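Q: Chain by chain, the residues:
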Amino acid sequence: MSGKPKLHYFNGRGRMESIRWLLAAAGVEFEECFLETKDDLIKLQKDGSLLFQQVPMVEIDGMKMVQSRAISNYIATKYNLYGKDLKERALIDMYVEAVIDLNELLMTHTFQPADKKEQHFATIVDKATNRYFPVYEKVLKDHGQDFLVGNQFSRADVQLLETLLMAEECKPDILAKFPHLQSFKARISNIPSIKKFLQPGSQRKPPLQEKDVPKLMKIFH
Amino acid sequence: MAGKPKLHYTRGRGKMESIRWLLAAAGVEFEEEFIETKDDLEKLRNDGSLLFQQVPMVEIDGMKMVQTRAILSYIAAKYNLYGKDLKERAWIDMYVEGTTDLMGMIMYLPFQPADTKEKNLALIIERATTRYFPVYEKALKDHGHDYLVGNKLSWADVHLLEAILMAEECKPDILSAFPLLQAFKGRTSNIPTIKKFLQPGSQRKPQADEKFIATVRQIFNI
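From first to last, the protein sequence lines are chains A and B.
Residue 226, in my numbering, is where the first sequence stops; the numbers in between run on with no holes.
Residue 1440, in my numbering, is where the second sequence stops; the numbers in between run on with no holes.
Rather than coming from a laboratory, the hints here were simulated on the basis of the structure.
Treat the numbers as computed from the prediction; the structure is a model and nothing was measured.
Heads up, a few of these hints could be off.
Unchecked claim - Which stretches of chain A does chain B cover? Using the computed rule of at least three CB atoms under 8 angstroms from a CB of chain B, they are:
#, stretch
1, 87-99
2, 149-158
3, 161-175
Claimed, not checked - Sample of chain B residues facing chain A (criterion: CB under 10 angstroms; computed from the structure):
#, residue
4, E1315
5, V1353
6, Q1436
Positions of the beta carbon are idealized from the N, C-alpha and C atoms, including for glycine.
Turn these sequences into a full structure, and let the hints guide you.
A: Take a look at the structure:
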């Protein structure tokens, strides 16, 4: 039995991807156990491993943690990615919660019915470029520092980078009007632990393809 | 200018209610400024008060905080309702996320299409009684303490009481199979700060009626 955290989820991004990013950024090696069929999920539910019958679930430090935010909060605190005091944590939380909102939009795009896809895409681009990105651009511009909060690398930087890359997958030139976000993206991508995670062969998962959706539906519905 | 936190939201529960509960439980007096019309919301947006153009927003300790969870975490930590160490916080977070999911379902019920209401209500009751309440009942049973985590009042307890009362509004006997949750409800409701919040005339908000739902739809374009 290794001491490494063990992640239980399907072999895709979903709600586990931010956790993978955070562990990778912290330089923490982790194992993964993939749900391939509904039976795999039922087995986990039946053996009492899932507090609310749901994944993500991460075995870490003797706990079977569930709820992606609870898991991320724990990892961020444990590996000093959560600011140095309560006020920094407040800022990090605000930035991260908004990024999660944008992530949800990006994540649900593949599941939109064909007749809603175009509208949904327009919403994503509108929210990203008018509501969310301007905030982070301004933060970086105003303090002129490398990281979002407290002049120190934190989970806010990791999760923003994750989202910037996902948004670019949606629309490659989505950062055109955001020079500070562009240099932020380059800078954070070059942090050794993150650079490693961005290389082929890492545990980072690719975007969900339409063809994978039926298999996913079978597991969770 | 008072040093009290100032809450910006509509005159209803929504996403601000859990924040009102937590402040009240912590014995913290707060002020409220209500958004009554679309113009009120636009005004807040135009004067740069809303980081992501959304409410809830709480003015607290020199910050204009947004994002419900960020605000709740800050209040919980500031007023010692977040456990004594990282592991206790992990459990509090897990429990709170569960009650957040349950209350979220109840909150959105009035906004679902009319023909799905009955089905959604049934789902809420099913989830409450088979997915969520059993977890909290078992937690209390296993350690036999008065509170969910660390033998001390925390955010998890306040949130659970709020969820229980909301679920009972859906189905009055929803706790019938959960004796420990019934005792928990009685006990926690009697904590002086919470007892005060449960009395008429407090800042606790009532359930939304049809008229209020229409107002909310109009203000937020939903």
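Q: Now look at each hint and say whether the structure bears it out.
A: Tested hints:
no. : hint    : in the structure
1   : 87-99   : holds (count 6)
2   : 149-158 : violated (count 0)
3   : 161-175 : violated (count 0)
4   : E1315   : holds (4 angstroms)
5   : V1353   : holds (6 angstroms)
6   : Q1436   : violated (20 angstroms)
This entry does not satisfy hints 2, 3 and 6, going by the numbered hints stated previously.
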